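Chains as they are written, first to last, in the working numbering: chain A, 1 to 147; chain B, 1001 to 1147; chain C, 2001 to 2147; chain D, 3001 to 3147; chain E, 4001 to 4147; chain F, 5001 to 5147; chain G, 6001 to 6147; chain H, 7001 to 7147; chain I, 8001 to 8147; chain J, 9001 to 9147.
There's no promise every hint is true.
Said to hold, decoys possible - Label pairs and their computed distance ranges (CB to CB):
| no. | chain 1 | residue 1 | chain 2 | residue 2 | range |
| --- | --- | --- | --- | --- | --- |
| 1 | C | Ala2026 | B | Pro1143 | 18 to 26 Å |
| 2 | J | Ala9012 | E | Glu4125 | 24 to 32 Å |
| 3 | E | His4121 | J | Ala9026 | 47 to 55 Å |
Stated by the list, open to error - List of simulated lysine to aspartate or glutamate pairs, EDC-like, C-alpha gap at most 20 Å:
| no. | chain 1 | residue 1 | chain 2 | residue 2 |
| --- | --- | --- | --- | --- |
| 4 | G | Lys6009 | B | Glu1008 |
| 5 | A | Lys119 | B | Glu1125 |
| 6 | I | Lys8119 | I | Glu8055 |
Don't read these hints as lab results, they were simulated from the structure.
It should be emphasised that the depicted structure is a prediction, and the values quoted were computed from it without experimental measurement.
Glycine included, each C-beta is placed from N, C-alpha and C at the ideal position.
Protein chains: 10
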Amino acid sequence: MNRLTVTEKIIAAKVSLGIRWSDVAAKVGLSKEWVTSACLGQMTLSMEQAQVVAEIFGLTEEEARWLTVTPYKGSLPTAVPTDPLIYRFYEMINVYGTTFKALIHEEFGDGIMSAIDFKMHLQRENDPNGDRVRIVMSGKFLPYKQY
Amino acid sequence: MNRLTVTEKIIAAKVSLGIRWSDVAAKVGLSKEWVTSACLGQMTLSMEQAQVVAEIFGLTEEEARWLTVTPYKGSLPTAVPTDPLIYRFYEMINVYGTTFKALIHEEFGDGIMSAIDFKMHLQRENDPNGDRVRIVMSGKFLPYKQY
Amino acid sequence: MNRLTVTEKIIAAKVSLGIRWSDVAAKVGLSKEWVTSACLGQMTLSMEQAQVVAEIFGLTEEEARWLTVTPYKGSLPTAVPTDPLIYRFYEMINVYGTTFKALIHEEFGDGIMSAIDFKMHLQRENDPNGDRVRIVMSGKFLPYKQY
Amino acid sequence: MNRLTVTEKIIAAKVSLGIRWSDVAAKVGLSKEWVTSACLGQMTLSMEQAQVVAEIFGLTEEEARWLTVTPYKGSLPTAVPTDPLIYRFYEMINVYGTTFKALIHEEFGDGIMSAIDFKMHLQRENDPNGDRVRIVMSGKFLPYKQY
Amino acid sequence: MNRLTVTEKIIAAKVSLGIRWSDVAAKVGLSKEWVTSACLGQMTLSMEQAQVVAEIFGLTEEEARWLTVTPYKGSLPTAVPTDPLIYRFYEMINVYGTTFKALIHEEFGDGIMSAIDFKMHLQRENDPNGDRVRIVMSGKFLPYKQY
Amino acid sequence: MNRLTVTEKIIAAKVSLGIRWSDVAAKVGLSKEWVTSACLGQMTLSMEQAQVVAEIFGLTEEEARWLTVTPYKGSLPTAVPTDPLIYRFYEMINVYGTTFKALIHEEFGDGIMSAIDFKMHLQRENDPNGDRVRIVMSGKFLPYKQY
Amino acid sequence: MNRLTVTEKIIAAKVSLGIRWSDVAAKVGLSKEWVTSACLGQMTLSMEQAQVVAEIFGLTEEEARWLTVTPYKGSLPTAVPTDPLIYRFYEMINVYGTTFKALIHEEFGDGIMSAIDFKMHLQRENDPNGDRVRIVMSGKFLPYKQY
Amino acid sequence: MNRLTVTEKIIAAKVSLGIRWSDVAAKVGLSKEWVTSACLGQMTLSMEQAQVVAEIFGLTEEEARWLTVTPYKGSLPTAVPTDPLIYRFYEMINVYGTTFKALIHEEFGDGIMSAIDFKMHLQRENDPNGDRVRIVMSGKFLPYKQY
Amino acid sequence: MNRLTVTEKIIAAKVSLGIRWSDVAAKVGLSKEWVTSACLGQMTLSMEQAQVVAEIFGLTEEEARWLTVTPYKGSLPTAVPTDPLIYRFYEMINVYGTTFKALIHEEFGDGIMSAIDFKMHLQRENDPNGDRVRIVMSGKFLPYKQY
Amino acid sequence: MNRLTVTEKIIAAKVSLGIRWSDVAAKVGLSKEWVTSACLGQMTLSMEQAQVVAEIFGLTEEEARWLTVTPYKGSLPTAVPTDPLIYRFYEMINVYGTTFKALIHEEFGDGIMSAIDFKMHLQRENDPNGDRVRIVMSGKFLPYKQY
């Protein structure tokens, strides 16, 4: 047993049970973005949170424990993703990556936008021309320091 | 001469002149995000916009014309980016990619968030624990249709 | 159990039963192109469609349910396909890719031909010099917009 | 001097002159698809055709001669294309590749759709929901034979 | 069950039974080159041929049926083969590939040597300095046509 | 100056002069296969042979000398070739590689077909269904020995 | 002109002048580790620091200005480094990477050791069995937070 | 059974038992860095040490024996690591690799810092701005010698 | 069952039995280098030799037979090896490869050192500064011939 | 100017002058193996040695100085070498790599054969069946130590 087998069990149980990620998140008491990534094997739950998740998906005590172990992260099977939805995000970096870089450095100087001290929120944006996906990302700016 | 040489000339001129991308954008009359990516060789300008950019950076008539040709896009030299700032965005996809996928499908069904009918806005978020970079992305949801 | 195991079960059942994809499509009531790609794990069926497919191939209730979950797409085991039939399509892109790009931009301006709002139709073209495969693809043009 | 330098000269001349590929094709007297790919370094012209192209783009006698030499084909800089328009075609293979394979074998048996004895035609399809790109491909079916 | 498991069963049965490929070919009534590649999962047999092969290797009815399904081709586990015997063929292409190209175009014009309408024959060449492997390949020349 | 620049000069001179490889070979007094590969930077000429080649293509004394230096071999720009003609040979290895291996080991035992003590001959095969390319390869069998 | 050409000019000037990095650092007034990485194109100098560096290496005003532009980082030509000294660091990650991960998570929980808020110091360690290289790295621990 | 299955059993047992690596190390009597890497399949234990580890994790005699066999090292599943914590170390090499090289050669001449005669120590550094991870590495300098 | 499963059984049996490769070689009556590589799945044994190996490691009749089948060679899981001991050999080629090439061509002319008609011998070299590994390789020189 | 341009100048000068590496080595007073690798850009010369080399190849004072700078090592253009002579060494590692590993660990325990404290000697071995290349490698064994 490892984290991957627990992730796969959660995904399979979700299909059987027909639950929504946002309902899982509501029971855990955190955002749907963080909880989904935790259930998909990318974040570390506390023992209490793991118990909630275990109950929802019918995990054993041992499986729940795996949810509290920091996983080896990276959810994609290939360096360049093949799934069209996920590829579009990769394409944004390919097309806009140097723009992100230019504008962040112009505003903040040398450093990065943290992917750790980071939050994101995903929601529907109603639009008469077809609804839109809106993603708001917020990450702490971390400056390179001289020493 | 090709688009790449024009892009490099723009970048070098910007260093010499000490101009800001946001000032360039103001003169063009569009967002700083779109204008920067156009100057970095990723978008196509109209002849009028190209003239404005050419005047700012001292481009020739011929060079301005290249700005109106749709470029071969992709601004990164390697499939997995090496630059720490740009890599963080790649990491977000690696860690959150399947989460994006799960939540968008839960909300919208099968389809993608467009990277073409797409806008993004990048700004500073003041925070006592250190300022944050805030990026808002909005892309039309495009459903797969049956036929 | 995951989508891949369901796909493999469908393929194996098809060999046992000696059914044709076009017959499966007729029962589902959609084109053979869309139905085949769905059975091969690339599209999402409605529960009703999934029941039809399940009955044809002898799938369990649980397996049918997997057909209604949006799959992680990408049907090829390697970035450059090794199968000669599939490679020929890759070769068309290698040889004609920049031509597609030049002609579509000439006709429509900057943007893409959608692979989502997309249909294709494949048929036999009788020809005295040897029959031909005819593929018609139709995808909505999506323009990049300025903002 | 080699074919690549001639291709680059043609592309640069086209930007200066503001000519359309379809006009070039009309002067050569062949389809816009074939002529564009030839000008982009993928096909071989006869000496007469090369003269026409040379006159349009102001090529020297020596450069024209290069157009009559069979080129080393492959127009893309990377195995997985980064340009969004071209990537969409790669994605179609990734998503529909096994479907192409299944349906062609179902109709024709073991073999391939030729990418050599091959024609394609690209045109605008008017549509009230937004115009569409329509591509018709026709390739001879080549059966594997036993021996 | 899939074609790969049938291929592996054939290979294992061949080791147990100590049969030669040329004997298998004689029973099928075709060349040893074609029959071996079919048994190794690269070609498609008719039902009659599959029965012969099934009897030789002790395959079930279901397994025999898999031999009649066109396989996903490509017999090598890596893009650059590691096995010394197979690598030598890859090396021939690396060293002689541009020579093949130059001489075939000189003789035939633009086009390819078909790998589908293709036969090959492999035999021992007695030589006092050490016997030699002689391989004769014959593939139809397919010209690119203008349209 | 290095071997590559000499190779490129030879190729460019051949285009200007309109010479055939088989005529070059006749003047050198060896097969067209070997001479072409030497001119394309894959084989090493003697000084006398290099003088002949130099005279044909108008090379300087220094350039001729480079033809006598053993080159770093490998004539293809990518691990998997993109040119359709050259790719077909790669495909033959992908489809028939394990067949080559099985049949050579069946006939000769463990070892390889040499790519060094190797000759090949390429010719036109007239055929009413379309002429064919015929390639005969002959390579010494080299057995692995125990020690 | 771009940052790379400035880096190359600095490296070439250093060879001509026979200066030591530690002396350059002393004049800039920062650690030798930070200053060397800045001169090698990885960090961003202030205009005052850039002037000092420009004077040492004989850079023009324009070149000095490039030192103040945040560079596209990544100093290695290949994903897996070929240089033996640099490879050893890559090997440490290959052998000890999961150990770093296990021990940091055991001590700190889920998060990372920052490579931005990061310092390192490299010095000689005298040892009778042969002197040793001692590297001290210090990076802020950044915890993943729930939201 | 092989070393990998033993490593996985150790990791799973550690999750069940809730033990800390530093406690395992204390029982073995060596540093936590070395012992963790040994348990993760990168180092070779003596039979006595293996017995201690076996007792802690409930390994069989046979499994303990595997701990005494030198393993095939390399703990990462991909050439460029995807896990954010481990990637940061890769990034340090990407950004600082040429700096490491420049400074070590300046101090020691041509040679390397050994990754074999190597020790490392990882500890918490208390800091009011947030605690830091401190890693001290010490490796023997090995000079290239002339011969 | 295939050769790989037999190799794994031999390796596992060797750990259980605590045998040395040199003892296995002595029983087979050949060098430890050749016998080890055969047991590791790289060489082909005669039936008599296979029986000896089978008896040592407790293989079945069927497993022994697999040792007499020429294997698909290549013992490394990745193109660039990750194991430090094996990587050092790869590094020697990276650093000394062009030197090997220059010196062998200087001495022998164009051709290669055979890796088939090849022997190697590995032994300990006592040295007061630390013992050394001594490897002697001997391979027949195979000249490229003109034809 | 950088080390690569100096290496290329040395190689070009060697072709012009028709000198042998062994004569260069004799003048430098070291082995032909070390001197050749230094001239090919892989080792670092002292100023006195650099002067000798500079005089032989007609290098300037500045170019000689580059020979005394430790180079970024790695002499091969691709991860898997394409040149047949160099590939054979790569093949030896692929076929014999795990054998090297097994036998060195059997004799010495866990550790590596150094590629730094390393010498090699290459010579002709006369043999009536065709002369052989003999390479003797000697590298210090470096044990992993526990701490």
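So, going through the hints one by one against the coordinates:
Between alanine 2026 of chain C and proline 1143 of chain B the Cβ separation comes to about 24 Å, which falls inside the hinted range of 18 to 26 Å. A C-beta distance of roughly 42 Å is found between alanine 9012 of chain J and glutamate 4125 of chain E, which places it outside the suggested range of 24 to 32 Å. For the pair histidine 4121 of chain E and alanine 9026 of chain J, the supplied restraint of 47 to 55 Å holds, since their beta-carbon distance comes to about 54 Å. With a C-alpha separation of about 19 Å, the suggested pairing of lysine 6009 of chain G with glutamate 1008 of chain B holds against the 20 Å cut-off.
Distance hint between lysine 119 of chain A and glutamate 1125 of chain B is fulfilled; the C-alpha atoms sit about 13 Å from each other, no more than 20 Å. Only pairs whose Cα atoms come within 20 Å are accepted, and lysine 8119 of chain I paired with glutamate 8055 of chain I is rejected, the gap being roughly 26 Å.
In summary, the structure is inconsistent with hints 2, 6 from the numbered list given earlier, while agreeing with the others.
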